[in-house]
Amino acid sequence: MPDAPLKIMVSSTVYGSESDLDQIHAILKGYGYDVVMSKNGTVYVPIGVSNEEACLQAVEDCDLFLGIIFPRYGSGITHKEFSKAIELDKPRWFISHHYIEYTRQLMKQFMFDAAGNRNDFEIQRTSVMDSIKVIDMYNEAIQNHLDSDKRRSHWAHPFFKTPETYDFLKTQFSDMGRRIDELNKLNNNE
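Numbering (UniProt numbering), first residue to last: 1 to 190.
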């Protein structure tokens, strides 16, 4: 086991989900991870860089990536973090509020043309969901553009209330030694 714990970045929008994020932070911290989360002030911000640059650097610096998709899009930095984690092929997992998949199924008839290409469909901000871009984030996370046999690291576990994520978090992250072994094998191309 390395001297330092694995660094896991938790990427999500914050507004309206503060207590949920506090619980997830505490669970991961309890499993021994170094948790990087902007809401908790644990994203290192180098002098002279923008918030976005600091967050994207945090994605590069993390060992593992956990993306949380709430029905709030926010400023778009979270979406860029997701894209960066996918681009870098970081070991990653996603949890997604049930509203996202439900809305995705309901709205895909409006969001895509006959060839399956994303069109310019948008929604007006509501108290349930502030932007259809959360569906775009979800589609990117699950690699919707790829055939199912080509998708990797695309699990998006659904939840309605945060306690529904606890078993998922335990299963994926309670055994840090196992994750370290997997990372070592991955890095050694075994």
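Hints are computed from structural coordinates only; laboratory data are not their basis.
Cβ coordinates follow ideal geometry from the N, Cα and C atoms, glycine included.
Treat the hints with care, since some could be wrong.
As the list claims (entries may be wrong) - Below 20 Å or equal to it, Euclidean Cα-Cα: the simulated DMTMM-like pairs (lysine to aspartate or glutamate) are:
| id | residue 1 | residue 2 |
| --- | --- | --- |
| 1 | Lys80 | Asp149 |
| 2 | Lys133 | Asp149 |
| 3 | Lys150 | Asp136 |
| 4 | Lys108 | Asp147 |
| 5 | Lys90 | Glu18 |
Unchecked claim - Estimated spans, in silico, between C-beta atoms of each pair:
| id | residue 1 | residue 2 | range |
| --- | --- | --- | --- |
| 6 | Gln124 | Glu101 | 17 to 25 Å |
| 7 | Thr171 | His98 | 31 to 39 Å |
| 8 | Lys185 | Phe121 | 37 to 45 Å |
| 9 | Gln109 | Ala54 | 22 to 30 Å |
Do the hints match the structure? See the list:
1. Lys80 x Asp149: 25 Å, violated
2. Lys133 x Asp149: Measuring from Cα to Cα gives roughly 25 Å; hence the hint is violated.
3. Lys150 x Asp136: Cα-Cα ~19 Å, so holds.
4. Lys108 x Asp147: Holds: Lys108 and Asp147 sit about 17 Å apart, inside 20 Å.
5. Lys90 x Glu18: Distance ~25 Å between Lys90 and Glu18 Cα, so the pair is violated.
6. Gln124 x Glu101: 17 to 25 Å: At roughly 21 Å between Cβ atoms, Glu101 and Gln124 fall inside 17 to 25 Å, so the hint holds.
7. Thr171 x His98: 31 to 39 Å: 19 Å, violated
8. Lys185 x Phe121: 37 to 45 Å: 42 Å, holds
9. Gln109 x Ala54: 22 to 30 Å: 39 Å, violated
Hint violations for this structure: numbers 1, 2, 5, 7, 9, all remaining hints satisfied.
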